[in-house]
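For the sequence shown, the UniProt record's numbering assigns the number 1 to the initial residue and increments by one for each residue that follows.
Hints should not be assumed to be uniformly reliable.
[As the list claims (entries may be wrong)] Okay, the calculated beta carbon distance ranges per label pair:
1. L35 to E61: 14 to 24 angstroms
2. N18 to D59: 26 to 36 angstroms
3. N18 to G60: 26 to 36 angstroms
4. D17 to D59: 26 to 36 angstroms
5. N14 to E40: 10 to 20 angstroms
6. E28 to Q62: 17 to 27 angstroms
7. K19 to V65: 13 to 23 angstroms
8. G60 to E40: 30 to 40 angstroms
9. G60 to D17: 31 to 41 angstroms
10. K49 to K2: 30 to 40 angstroms
11. L35 to G63: 31 to 41 angstroms
12. M1 to T52: 12 to 22 angstroms
13. G41 to R67: 11 to 21 angstroms
[Said to hold, decoys possible] Below, computed lysine to any residue pairings styled on SDA-like, alpha-carbon distance capped at 20 angstroms:
14. K2 to E61
15. K49 to E23
16. K29 to E61
17. K19 to Y37
18. K49 to V38
19. K29 to T9
20. K19 to L57
21. K43 to E4
22. K29 to L50
23. K39 to W11
24. K43 to V12
25. K43 to N18
26. K39 to D27
27. K49 to A32
28. K39 to E5
29. K29 to V58
30. K2 to D17
31. K19 to A53
32. K49 to V20
33. K19 to L35
34. K2 to E40
35. K19 to H46
36. K39 to G26
37. K29 to L57
38. K39 to E51
39. K29 to D54
40. K19 to V47
Don't read these hints as lab results, they were simulated from the structure.
Just so it is clear, CB atoms sit at the ideal spot from N, CA and C, and this is done for glycine as well.
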Amino acid sequence: MKAEEYNLTGWVRNIPDNKVDGEAQGDEKGVAALLEYVKEGPKLAHVVKLETADRDLVDGEQGFVVRR
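Turn these sequences into a full structure, and let the hints steer you where they fit.
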């Protein structure tokens, strides 16, 4: 998973209308790299829009999970 490659923690999930929601935290360089990857998306994805927002850090968060 790309987020783990960049040593980020957080989560991601599919939501209605073929959208994806998630949060990631880690060092600035890792977050920036993940955002660049997400802008392009995986090979079969069609990224129309990317929205970002700063959030408070989640202390003690470990790993990156896919929520279902």
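Verification of the supplied hints:
About 18 angstroms separates the C-beta atoms of L35 and E61, a value consistent with the hinted range of 14 to 24 angstroms. A beta carbon spacing of about 33 angstroms between N18 and D59 agrees with the range 26 to 36 angstroms that was offered as a hint. About 33 angstroms separates the C-beta atoms of N18 and G60, a value consistent with the hinted range of 26 to 36 angstroms. Distance hint check: the CB atoms of D17 and D59 are about 32 angstroms apart, consistent with the given range 26 to 36 angstroms.
Separation of N14 from E40 is about 18 angstroms and conforms to the stated range, judged on CB atoms against 10 to 20 angstroms. Against the hinted window of 17 to 27 angstroms, the Cβ-Cβ separation of E28 and Q62 comes to about 20 angstroms, which satisfies the hint. The hinted window of 13 to 23 angstroms between K19 and V65 holds, with their beta carbons roughly 18 angstroms apart. Between G60 and E40 the beta carbon distance is about 31 angstroms. The supplied range of 30 to 40 angstroms therefore holds.
Evaluation of the 31 to 41 angstroms hint for G60 and D17 yields a pass: the beta carbon distance comes to about 32 angstroms. One distance hint, 30 to 40 angstroms for the beta-carbon pair K49 and K2, is violated here, with the actual separation near 19 angstroms. A beta carbon spacing of about 19 angstroms between L35 and G63 contradicts the range 31 to 41 angstroms that was offered as a hint. Between M1 and T52 the Cβ separation comes to about 19 angstroms, which falls inside the hinted range of 12 to 22 angstroms.
For G41 paired with R67, a C-beta distance near 19 angstroms keeps the hint of 11 to 21 angstroms intact. Between K2 and E61, the direct Cα distance comes to roughly 17 angstroms. Compliance with the 20 angstroms bound is thereby established for this hinted pair. For the hint pairing K49 with E23, the CA-to-CA distance comes to about 16 angstroms; that is within 20 angstroms, so the pair holds. Taking the CA atoms of K29 and E61, the gap is about 18 angstroms. The hint holds against a cut of 20 angstroms.
For the suggested pair K19 and Y37, the alpha carbons sit about 16 angstroms apart, so the restraint of at most 20 angstroms is met. Taking the CA atoms of K49 and V38, the gap is about 10 angstroms. The hint holds against a cut of 20 angstroms. Distance check on the hinted pair: K29 and T9 sit about 14 angstroms apart at the alpha-carbon level, within 20 angstroms; holds. Restraint check for K19 and L57: the C-alpha separation of about 24 angstroms exceeds 20 angstroms, so the hint is violated.
Between K43 and E4 the alpha-carbon distance is near 19 angstroms, which keeps this suggested pair within the 20 angstroms criterion. Under the criterion of a C-alpha separation no larger than 20 angstroms, the hint pairing K29 with L50 is consistent with the structure, at around 18 angstroms. At most 20 angstroms may separate the alpha-carbon atoms for a hinted pair to count; K39 and W11 meet this at roughly 17 angstroms. Distance restraint check for K43 and V12: the Cα-Cα separation of roughly 18 angstroms lies within the 20 angstroms cut-off, and the hinted pair is therefore satisfied.
Our distance criterion of 20 angstroms between C-alpha atoms is met by K43 and N18, whose separation comes to about 16 angstroms. A C-alpha spacing of about 19 angstroms is found between K39 and D27, which places the hinted pair at or below 20 angstroms, so the restraint holds. Between the alpha carbons of K49 and A32 the distance comes to roughly 16 angstroms, so the proposed pair stays at or under 20 angstroms and holds. About 17 angstroms separates the Cα atoms of K39 and E5, which keeps this hinted pair within 20 angstroms; it holds.
Between the alpha carbons of K29 and V58 the distance comes to roughly 18 angstroms, so the proposed pair stays at or under 20 angstroms and holds. Annotation: proposed proximity of K2 to D17 is violated, straight-line Cα distance about 23 angstroms (limit 20 angstroms). For the proposed pair K19 and A53, the alpha carbon gap of about 16 angstroms is at most 20 angstroms, so the pair holds. For the proposed pair K49 and V20, the alpha carbon gap of about 11 angstroms is at most 20 angstroms, so the pair holds.
Restraint check for K19 and L35: the C-alpha separation of about 16 angstroms stays at or below 20 angstroms, so the hint holds. Taking the CA atoms of K2 and E40, the gap is about 13 angstroms. The hint holds against a cut of 20 angstroms. With a C-alpha separation of about 10 angstroms, the suggested pair K19 and H46 falls inside the 20 angstroms cut-off, and the hint holds. For the hint linking K39 to G26, the alpha-carbon distance of about 18 angstroms falls within 20 angstroms, and the restraint holds.
A distance of roughly 16 angstroms separates the Cα atoms of K29 and L57; the hinted pair therefore holds under the 20 angstroms criterion. Taking the CA atoms of K39 and E51, the gap is near 10 angstroms; set against the 20 angstroms cutoff, the hint holds. A C-alpha spacing of about 15 angstroms is found between K29 and D54, which places the hinted pair at or below 20 angstroms, so the restraint holds. A C-alpha spacing of about 9 angstroms is found between K19 and V47, which places the hinted pair at or below 20 angstroms, so the restraint holds.
Violated hints, in rising order: 10, 11, 20 and 30; the structure is consistent with all others.
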